[in-house]
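Undergrad: Listed here are the chains, written in short residue letters.
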Amino acid sequence: MTKLLIISTQPPYVSSASQDALEAALAASNVGVEVTFVFSQQGLYQLLESQNSTYLQKRSIAKQIKALPLYDIEAIYYVKEDMTELMLSSHALTSTAKPIDTDVLQQLCAASNAILRF
Amino acid sequence: MKKFLIFVTRSPFDSLNGQTALSFCKAAIALGHEIEQVFFYQQGVQHANVDIQPTSGEKTMLSQWVAFSEQTKTSLNVCVTASIKRGVLSVEDATDIQSHSNVHDAFNPVGMADYFSVLNTRASSDVGSLVCMQF
Amino acid sequence: MPTLYTKSLNKNSMQYFLEYAGKKIETDSKGYLIDYLEWDKQLALVIAQQEAIELTSAHWDVVLFVRAFYEEYETSPAIRVLVKSLANKFGPEIGNSRHVQRLFPKGPAKQATKIAGLPKPAKCL
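Protein chains in written order, with this note's numbering: chain A, 32 to 149; chain B, 12 to 146; chain C, 2 to 126.
Extracted from the complex, chain A is given alone in its bound form:
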């Protein structure tokens, strides 16, 4: 099975990058590609449980992330070092994503047939 790694590096709402990454993940999973989804750098802000996008008239990115497992995307991670750097706490982030170290991310990169970075 083809392995696709998607790395989402941008904060939600300020650009379409986070939404575009999610849509790519769903499309890939739908045709049987094995998708691994990693949040890195400012992409971790997408995982904040307390986000509210009503004011922005945008669909919630956090809620859409929680739908990924229903689309057979179970491998959802964030980079632990980036969490520390951004002074975020793991309690503030959705439990849908699990922490990994940078060297694990490197292994994921090496094990993937394709990588897309948003």
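Be a bit skeptical, because a hint or two may be false.
[To be verified] List of simulated lysine to any residue pairs, SDA-like, C-alpha gap at most 25 Å:
hint	chain 1	residue 1	chain 2	residue 2
1	A	Lys89	C	Glu72
2	A	Lys94	C	Asp41
3	C	Lys121	A	Lys129
4	C	Lys90	C	Glu20
5	A	Lys129	A	Ser81
Calculated directly from the structure, the hints in this document are not laboratory data.
Assemble chains B and C onto chain A, guided by the hints.
TA: This is chains B and C only, laid out in the frame that chain A set:
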């Protein structure tokens, strides 16, 4: 020999990204490799937009892609879902809203799943020879 | 009697409304609501009528289910996910594609979400 899948994500005027992708494609072919397809996503869909007017004295990216596609028979595929949100309308989408289509004939409006299906079938048949490049 | 009424902004860009019971609800060109919070059960009946569907309790199960799904995930379920999730909640009798196809002949994902006041599921899914 490698087969490349090219993924373009920035628009022609605001970024040099597409020009770099095209140069890469030409160089790869010159070295005997193959370009499986070029896929346009995010703002990259603007490469297919015939309504974009060139800066005076510059060649448009569109004309360069069209010439490249004619010479090399490379498929240029543009994501319909990403396109419609950005005002780049296929014939079908334009008809729906009684507007005009502005996707150049040389570009095929496809679903994103199409790109990933190619990745799936190619990668499983000849692992190692297919390379995805994101620009 | 509900009426569908449109207003032109300019030659290519239209605004669409669904008018009923003295209310004016904005929709897209295909009749999907712009703001899913403007929905109520009365409006579901109006949209269903336009889709030529008479809502039975079997329809309501699916309509209310996709609505709850959207409230939780802010994404309209694609058909595969809809069927799978329905099966998890109601069992295989209801969570199978033939059953929902019979209820919503023009495509369960498209029609159930429309009647539920939700956006259309993405094309490529």
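Undergrad: Hint by hint, say whether it matches the structure.
TA: Results for each hint:
{"no.": "1", "hint": "A/Lys89 to C/Glu72", "verdict": "holds, 13 Å"}
{"no.": "2", "hint": "A/Lys94 to C/Asp41", "verdict": "holds, 22 Å"}
{"no.": "3", "hint": "C/Lys121 to A/Lys129", "verdict": "violated, 31 Å"}
{"no.": "4", "hint": "C/Lys90 to C/Glu20", "verdict": "violated, 34 Å"}
{"no.": "5", "hint": "A/Lys129 to A/Ser81", "verdict": "holds, 18 Å"}
In this structure, the hints that do not hold are numbers 3, 4, in rising order.
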